[in-house]
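Chemist: Please put together the full structure from these sequences, using the hints given.
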Amino acid sequence: MSSTERPGLTGGADPAERAGWGEHPPRMGFFTDTSVCIGCKACEVACKEWNTVPEDGLELTGMSFDNTIGLSASTWRHVAFIEQQAPVGVPALPTLPAVPGQAAGIRGGLSGPAVPGPDGVDGAMRWLMSSDVCKHCSEAGCLDVCPTGALMRTEFGTVVVQDDVCNGCGYCVPACPFGVIGRRADDGGAHKCTLCYDRLGVGMEPACAKACPTDSIQFGPLDELRERARARVNDLVEAGHPEAQLYLEGADNGIGGAGAFFLLLDEPEVYGLPPDPVVPTRSLPRMWKHAGLAAAGVGAMVLTAFLGSRTDVR
Amino acid sequence: MSTSQPGPAPARGTNRGPAQSNGGRHARQGQRQGRRGSGRGEQFMVPRAEFRSYYGRPVIKEPVWKEPDVPAYLFFGGLAGASSVLAAAAQLTGRPGLARAAKAAALGGISISTVALINDLGRPARFHHMLRVFKLSSPMSVGSWILSAYGPAAGAAALSDFTGILPAAGAAATAGAALLGPAVTTYTAVLLCDTAVPAWHEAHREMPYVFAGSAASAAGGFALLAAPAREAEPARRLAIVGAAVELTAKKLLERRLQSRAEPYQTGRAGALLRAGEIVTFCGLAGAGLSRRSRAGSAVSGLALLAASALTRFGIFEAGRISARYPEYTIVPQRERKQAREAEAGAAGRSGRP
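Chains as they are written, first to last, in my numbering: chain L, 1 to 314; chain S, 1 to 353.
What the hints contain is simulated information worked out from the structure, not anything from laboratory work.
Derived lysine-lysine pairs resembling DSS-like cross-links, with alpha carbons at most 30 Å apart:
#1 251/S / 289/L
#2 337/S / 289/L
#3 66/S / 289/L
#4 66/S / 251/S
#5 337/S / 251/S
#6 48/L / 210/L
#7 48/L / 66/S
Modeler: Take a look at the structure:
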């Protein structure tokens, strides 16, 4: 069986159920529609404030408006900024349909007047913005490899770290195919987005989604979000944006589906996302098989060493 | 970020070489280049793949595991595990001196290995949390349980031998340690490979054999150094076989990974692994030629120990490098995705009526 077809050890269509939750709420998650992100970073601030995430460096990077750099133990929302020369004739992004309680007519994908590009092609400057977050994978590498049980699957299908259990082994850090989770130097523990587990428990939406002024970050039951995302990407393609694509919205990827998925206007790697992420644990049965064979090999090597060595004992 | 990513990381906001930001549509394009040519003079025949990234930033996180803690944990664990098998075989075939030396290596090795592992934890006082659960999906959990059974067995075997008390229990402990020892040598390979670190994960097929060979070579090397000369012949053979297995497995690894083996061939990791190879060859030759020389045997054994350690440090460093630069993550994934899409496209066309 191919390793990419095999269901993961802790994933599956309903991760909460597989984790042993009996009756549980529907799987909740994020749909981040980057086409309406305006780069205000309210999500970053709201996340830090609500979750009391400590400061993690105040430096200027020169990476457009991004001085946050990336997700880490102390950054659970990260807004990426990409400045591009848009191809000639790319139309303005269509407005979102009006959402109750929100002003209609929000348009993302800021574009300016046509200017000559550096390669001699005329085109408007295009500014891509995207708020990145933990993907809460159906097959979560961090959760799979955690040796203490500190990382757990919640009844909402999300993945959280129990800080009072984590012993800071750091295994989750390289096990994440997205580079989300990190270890803090000061407290030695691993930390990441909890999808505001505390707020979910009392029926509130996560702080970042609550703070997002354009509904670029949408929170809700994953099934609903997927429907909405498919409609939105169709609208964009029809409006002349064939590059619009959904990232991780289905279950047919190397992480068995995500609790947080995205609508992107360029390839994932442009936003710092892996183009074809696969949870490392998918190959684990094969790895254990090779480790077993190699262990038997140690026995065989010792046996070989002793065969015919009888004569030296005097 | 600065507080959560200890260890060397690329300077903030700096692109490594080719990722210019000219504001163009392909602003974040880069090329695989930079560390090429600093290898052993080999030229890679694969075309340089273009890739795009976010300001040259890594996609995955570099392991936070420290040097020398984790490579030392790998090396000493391997030395211990293989030594326990050697000790049992020596005891069974009536070589008490060899058995004692190997038991000492097992106890010393596993002690240092465990201390290094605990010292690497972010919260060392909670090391016992490793034994809260047993998870087959976590090589570190499996390894912790193996260690918690193996460590006491290796300790009891050695202490009984040194003191002469409870010989029956000592024999049982020797047998137990010998049964668990091989697992101690190879689970660490799975531990490294079960990560998103490209150089480690892509090498998961060969890594356990590299570790097994490296461990056998180290155990044989230590016994050559410490055991009485008249009992050392099996240790010599083990060292030679182990070194040969390690070298072969590493060659197979590099051949299968082709251009993706670059992290193992260039930079500091490449230097460590090349040095390891050279020292292995010296140790191999020395072990083969020094049958009548006590000093020659000891030097050969020392060389093989050093070679095994160099291998572990080199493999560890290669993984860190492959995590640090985005092309190692992006290019294979992009190629895989495009191949899959091409295949789906071809299937779709042929399926049309």
